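Q: Each chain is listed here by its residues.
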Amino acid sequence: QKEVEQDPGPLSVPEGAIVSLNCTYSNSAFQYFMWYRQYSRKGPELLMYTYSSGNKEDGRFTAQVDKSSKYISLFIRDSQPSDSATYLCANTRSNDYKLSFGAGTTVTVRA
Amino acid sequence: NAGVMQNPRHLVRRRGQEARLRCSPMKGHSHVYWYRQLPEEGLKFMVYLQKENIIDESGMPKERFSAEFPKEGPSILRIQQVVRGDSAAYFCASSRTRQGSSSYNEQFFGPGTRLTVL
Numbered sequence: 001q002k003e004v005e006q007d008p009g010p011l012s013v014p015e016g017a018i019v020s021l022n023c024t025y026s027n028s029a030f031q032y033f034m035w036y037r038q039y040s041r042k043g044p045e046l047l048m049y050t051y052s053s054g055n056k057e058d059g060r061f062t063a064q065v066d067k068s069s070k071y072i073s074l075f076i077r078d079s080q081p082s083d084s085a086t087y088l089c090a091n092t093r094s095n096d097y098k099l100s101f102g103a104g105t106t107v108t109v110r111a
Numbered sequence: 001n002a003g004v005m006q007n008p009r010h011l012v013r014r015r016g017q018e019a020r021l022r023c024s025p026m027k028g029h030s031h032v033y034w035y036r037q038l039p040e041e042g043l044k045f046m047v048y049l050q051k052e053n054i055i056d057e058s059g060m061p062k063e064r065f066s067a068e069f070p071k072e073g074p075s076i077l078r079i080q081q082v083v084r085g086d087s088a089a090y091f092c093a094s095s096r097t098r099q100g101s102s103s104y105n106e107q108f109f110g111p112g113t114r115l116t117v118l
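So the protein lines, in turn, are chains F and U. Numbered per the working numbering, the first sequence spans residues 1 to 111. Numbered per the working numbering, the second sequence spans residues 1 to 118.
There could be a bad hint or two in this list.
With a straight-line cut-off of 27 Å between C-alpha atoms, the simulated DSS-like cross-links for lysine-lysine are [claimed, not checked]: (1) Lys62(U) x Lys2(F); (2) Lys27(U) x Lys44(U); (3) Lys56(F) x Lys51(U); (4) Lys56(F) x Lys2(F); (5) Lys62(U) x Lys27(U); (6) Lys42(F) x Lys27(U); (7) Lys70(F) x Lys71(U); (8) Lys98(F) x Lys67(F); (9) Lys27(U) x Lys98(F); (10) Lys98(F) x Lys44(U); (11) Lys98(F) x Lys70(F); (12) Lys67(F) x Lys44(U).
The set of hints was computed from the structure by calculation and includes no laboratory data. These figures come from a predicted structure and were not determined experimentally.
From just these sequences and the hints, can you work out the full model?
A: Below you can see the structure in the form of structure tokens.
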């Protein structure tokens with residue numbers, strides 16, 4: 001079983017729609033939950049991270065973590081064509097440096 | 001402030017040749033991590049280095065792969081006698097400090113080196 005499972009997509013939405021991305025994980029020791037965005041042929045860049053359970057909002061982006069169900073979500077409101085990218089969820093434990101990544105979901109926002 | 005730099009961006013090798021991938025961390029960062037991304041799979045941790053030290057190479061294949069981070073110069077990931085299964089994108093990341101318990105120590109990623117083995 002993979003440590004982090006992510007809906008493979010691809011996902012295609014019209015501009016202005018809400019994008020919903022999800023991951024599940026198996027390691028209950030994970031404490032940090034990250035979302036990275038990766039444009040084509042580029043390296044991943046950190047969008048936001050959450051510590052333990054709860055919600056975190058940053059502009060049009062909202063991350064949710066439910067540790068009881070080992071479920072992670074990212075919502076993008078008012079999606080823009082510039083949001084078209086692959087979104088990677090990643091987790092790690094406290095005091096750890098190894099990031100465990102999902103395979104990524106490719107999102108296309110149509111103008 | 002330049003980000004993490006990797007070169008070459010694309011590398012083509014024939015089976016049996018050697019591949020050398022280079023990574024220069026962000027200014028002020030002394031921790032370097034290498035990850036490999038196979039098609040349709042997530043990034044997988046390979047190795048964690050500090051200057052002149054390999055801290056954790058638990059994700060490295062036991063044979064043909066090695067990494068170093070010398071006192072001067074970039075970190076090098078070396079793959080000897082490449083095989084087709086080594087074809088992947090190799091990403092380097094760097095951080096200022098090691099991950100602590102009270103906050104997330106962001107790893108900044110380079111653009112990757114895409115290795116193709118013919």
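Q: Now tell me, hint by hint, if it's right for this structure.
A: A quick look at each hint next to the structure:
no.: 1; hint: Lys62(U) x Lys2(F); in the structure: holds (21 Å)
no.: 2; hint: Lys27(U) x Lys44(U); in the structure: holds (24 Å)
no.: 3; hint: Lys56(F) x Lys51(U); in the structure: violated (35 Å)
no.: 4; hint: Lys56(F) x Lys2(F); in the structure: holds (26 Å)
no.: 5; hint: Lys62(U) x Lys27(U); in the structure: violated (31 Å)
no.: 6; hint: Lys42(F) x Lys27(U); in the structure: holds (20 Å)
no.: 7; hint: Lys70(F) x Lys71(U); in the structure: violated (41 Å)
no.: 8; hint: Lys98(F) x Lys67(F); in the structure: holds (19 Å)
no.: 9; hint: Lys27(U) x Lys98(F); in the structure: holds (21 Å)
no.: 10; hint: Lys98(F) x Lys44(U); in the structure: holds (9 Å)
no.: 11; hint: Lys98(F) x Lys70(F); in the structure: holds (18 Å)
no.: 12; hint: Lys67(F) x Lys44(U); in the structure: holds (23 Å)
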